[in-house]
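Protein chains: 2
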Amino acid sequence: MALRAGHHSQVAMNGLKEKVLTLDTMNPCVRRVEYAVRGPIVLRALELEQELRQGVKKPFTEVIRANIGDAQAMGQKPITFLRQVLALCVHPDLLNSPDFPEDAKRKAERILQACGGHSLGAYSVSSGIQLIREDVARYIERRDRGIPSDPNNIYLSTGASDAIVTVLKLLVAGEGPTRTGVLIPIPQYPLYSAALAELNAVQVDYYLDEERAWALDVAELRRALCQARGYCCPRALCIINPGNPTGQVQARECIEAVIRFAFEERLFLMADEVYQDNVYAEGSQFHSFKKVLAEMGPPYATQQELASFHSVSKGYMGECGFRGGYVEVVNMDPAVQQQMQKLMSVRLCPPVPGQVLLSMVVSPPAPSDPSFAQFQAERQVVLAELAAKAKLTEQVFNEAPGIRCNPVQGAMYSFPRVQLPPRAVQRAQELGLAPDMFFCMRLLEETGICVVPGSGFGQREGTYHFRMTILPPMEKLRPLLEKLSQFHAKFTREYS
Amino acid sequence: MALRAGHHSQVAMNGLKEKVLTLDTMNPCVRRVEYAVRGPIVLRALELEQELRQGVKKPFTEVIRANIGDAQAMGQKPITFLRQVLALCVHPDLLNSPDFPEDAKRKAERILQACGGHSLGAYSVSSGIQLIREDVARYIERRDRGIPSDPNNIYLSTGASDAIVTVLKLLVAGEGPTRTGVLIPIPQYPLYSAALAELNAVQVDYYLDEERAWALDVAELRRALCQARGYCCPRALCIINPGNPTGQVQARECIEAVIRFAFEERLFLMADEVYQDNVYAEGSQFHSFKKVLAEMGPPYATQQELASFHSVSKGYMGECGFRGGYVEVVNMDPAVQQQMQKLMSVRLCPPVPGQVLLSMVVSPPAPSDPSFAQFQAERQVVLAELAAKAKLTEQVFNEAPGIRCNPVQGAMYSFPRVQLPPRAVQRAQELGLAPDMFFCMRLLEETGICVVPGSGFGQREGTYHFRMTILPPMEKLRPLLEKLSQFHAKFTREYS
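Going down the list, the protein sequences come from chains A and B. Terminal number for the first sequence in the UniProt record's numbering: 496, no gaps in between. Terminal number for the second sequence in the UniProt record's numbering: 496, no gaps in between.
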């Protein structure tokens, strides 16, 4: 008997039944899903950390996970006020403690009043606690200088990802040439490609212009759309602003042009605006799609369908672990909105602690409140440091030969382009790896720095990038950037 | 021009474009989803509550939401120890407070050590915090009298629902006669029908035997399977034990028979065991599928694929709002397990506060800990009260003519059968309503009692039921049961 017989004969030989669920029989859409931000490179990083703990000698003493926008994992301290209110809600006995400021107690009492049984342990309604949806609406109105927002169009969610997937689910229909196509930027945040693969929808790529600081160009949108119409039915357009992984902040005129395009071409707009608080570059300013849409007047303001997403994971708060977020829908068919509500109700409700933190983010302490000064100070420190780190990142990378980095105008990542020598590209191909994956793996093994290859986000053929967060503390970020640049120089020499 | 012209001519007349996303163009699978537990009857209950607040006169002064297993919304107090530890984790300044017991502080410090940046605000790994997965494995080993459990087979989730849908997603494949079929009990918890509709899989119904206290009969499983093989490819079998909405607790022999059946017929087993702590009837005992499987020895123990689900929402803790849960997989193909891990990583991580509560549930205070006595006392009160309410519910309903209620052996619902007079059935049909929906709507309008019609869970043709939680506090439950019985008598007279 051959030791390495085929699968079926093994079954016959050892009396084992084949498993019901195998790679061959499982959902083929799930198999096609890829998610680079937590892909093979991160699994290897986890292994290396374990090896270090076991005392294995490495050319580095710690693994630095710059692969993901996870502020608190990088040492950022939570905003005190947010945690005070949440602790009071979790354990209301603390409402009698003298150690908590009065405004935190008022907030907590107000939220508990709005919870079933006055407890975070009760389910909320599926769209989120009504009071918090109202707070979100008021926040949006302030942000958008008075453009009205209706709490009934706001749905709280388990992080922004959950709401994005819900809206995509509604849009997916058809088969063959009528299958739903969704336009997404390249480079993109891979939630989009992963969700589209899982839902068996068609991913339609439009390229951001690296030469013009990752600007979005309507001519490119049009090219992508026309090409896609040959094989699918494009029905939605996703925008990430500020950009992830690319860090650009869209100009107002650009947003107007995108809205006009979507309206003419009958595309549902999805605006991923989770980095709306993270704008650093001078001259850059965040404009919400909702506000621009409203200011454009009819027919855009009254007809263009839009979903805008926000989160408690990013911004200055960085409360990723709590999975809080929301979507606001604009001009959505009320019958479809009912269907969305129904779909959300199957999962019962978003986690209530995340809802509580969201409520704090959208209605922070007012100037007259005792917590105001500390809250403002903590918030400002985080945002000012991020701005400095964005600048430093751009500067250090652009001093390195063979690395070119666009300005990090917003969000929390740089996405620099790296030149890789032809012999390195060839070596990667021999190993069956994308060339930038090969580069990032070598970087990880030799320096402990974990970044994500550009191929996980998409990039123009023949160009190579990686995504790195700007989140590490200042004293770690500079050596990190320098080490990375030096490694690139060494790698280039090695393969020249 | 006709006032009610067709849709398209309206578009031409008023210059409005048709929406991109409408009932006609949206995902048809999502349209087919139904979820009765939060369906029309609950929306009406919300409206009635609002009317009451606005001072509208009603024949009742409060709406009692007995539609959902939401303990804390019904006034159940959270378990003190759980909330103490969570508050310490949320706001670690409290670790210096003298108001928290030492063991709560130790637990909190241990969990924070295992979090990124020692903060709940960091993402955890996608399968959940490793330390907590290890705690869960030890819990399962204690529960199953030493049958080993591997933390690498445990994945934390956003409530049990999330994990159930994830496993279903893996199983869905094929088209037409090869489409995946999944056997589910009737009556069922409608997460199953909803998820299968959304995933475009085939729901294969097997009926529980109401005459034998909702027992599961393998002959009925076989009937359902054989019939289904004519039009789909049945690949999984879902069991809910203790039963929701039916409250039965499966006997060990029955579980063995089901496992043998699944093995012979090559079905992946999904065991929804979220009510494992909720067993009340004398002589009833919870047996996990995992334990029975292991004790049956090979080939079952070594080959039968199983996923078992648990949650922090039910049991004695009732922490629904935190969305914590887990799945343990047994004998799953390692390559498929990797795919599952990948799929989970797209959603980043389950909410960390829910993970923390789960950790408390699976490793509660030990007898030597300062919090032990209080923890035990609180836990016992909840479970003893539930047992008393289960008994009371059965007793009061069975005293009412035309209502018959099986013993509530476990879980937290009764699912009594009601006789409805033929004229009421006819009236319902005229109104386009399921007869039991008509009954429940009238009940709600006249008494403020909100229960879910049996048609939302499935029932034998021509029989009518409703699901009601046993969770209201004792002093409310008895009048509630009596009022409901009286309403049924009145309703019966009205339509006789």
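No wet-lab data here; the hints were simulated from the structure. Any given hint could turn out to be false.
No more than 27 Å apart at the CA atoms, straight line, and that leaves these computed lysine-lysine pairs for BS3-like [unchecked claim]: (1) B/K342 x A/K19; (2) A/K17 x B/K169; (3) B/K169 x A/K342; (4) A/K391 x A/K476; (5) A/K19 x B/K169; (6) B/K17 x A/K105; (7) A/K169 x A/K17; (8) A/K342 x B/K490; (9) B/K342 x B/K77; (10) A/K483 x A/K391; (11) B/K476 x B/K77; (12) A/K77 x A/K342; (13) B/K77 x B/K105; (14) B/K58 x A/K169; (15) A/K291 x B/K17; (16) B/K58 x B/K342; (17) B/K105 x A/K342; (18) A/K105 x B/K483; (19) A/K17 x B/K342; (20) B/K342 x B/K169; (21) B/K19 x A/K169; (22) A/K58 x A/K476; (23) A/K169 x B/K17; (24) B/K476 x A/K17.
Against the structure, the hints:
{"no.": "1", "hint": "B/K342 x A/K19", "verdict": "holds (20 Å)"}
{"no.": "2", "hint": "A/K17 x B/K169", "verdict": "holds (23 Å)"}
{"no.": "3", "hint": "B/K169 x A/K342", "verdict": "holds (19 Å)"}
{"no.": "4", "hint": "A/K391 x A/K476", "verdict": "holds (15 Å)"}
{"no.": "5", "hint": "A/K19 x B/K169", "verdict": "holds (17 Å)"}
{"no.": "6", "hint": "B/K17 x A/K105", "verdict": "violated (49 Å)"}
{"no.": "7", "hint": "A/K169 x A/K17", "verdict": "violated (36 Å)"}
{"no.": "8", "hint": "A/K342 x B/K490", "verdict": "violated (33 Å)"}
{"no.": "9", "hint": "B/K342 x B/K77", "verdict": "violated (38 Å)"}
{"no.": "10", "hint": "A/K483 x A/K391", "verdict": "holds (17 Å)"}
{"no.": "11", "hint": "B/K476 x B/K77", "verdict": "holds (16 Å)"}
{"no.": "12", "hint": "A/K77 x A/K342", "verdict": "violated (38 Å)"}
{"no.": "13", "hint": "B/K77 x B/K105", "verdict": "holds (21 Å)"}
{"no.": "14", "hint": "B/K58 x A/K169", "verdict": "violated (40 Å)"}
{"no.": "15", "hint": "A/K291 x B/K17", "verdict": "holds (21 Å)"}
{"no.": "16", "hint": "B/K58 x B/K342", "verdict": "violated (53 Å)"}
{"no.": "17", "hint": "B/K105 x A/K342", "verdict": "violated (41 Å)"}
{"no.": "18", "hint": "A/K105 x B/K483", "verdict": "violated (40 Å)"}
{"no.": "19", "hint": "A/K17 x B/K342", "verdict": "holds (26 Å)"}
{"no.": "20", "hint": "B/K342 x B/K169", "verdict": "holds (13 Å)"}
{"no.": "21", "hint": "B/K19 x A/K169", "verdict": "holds (17 Å)"}
{"no.": "22", "hint": "A/K58 x A/K476", "verdict": "holds (19 Å)"}
{"no.": "23", "hint": "A/K169 x B/K17", "verdict": "holds (23 Å)"}
{"no.": "24", "hint": "B/K476 x A/K17", "verdict": "violated (54 Å)"}
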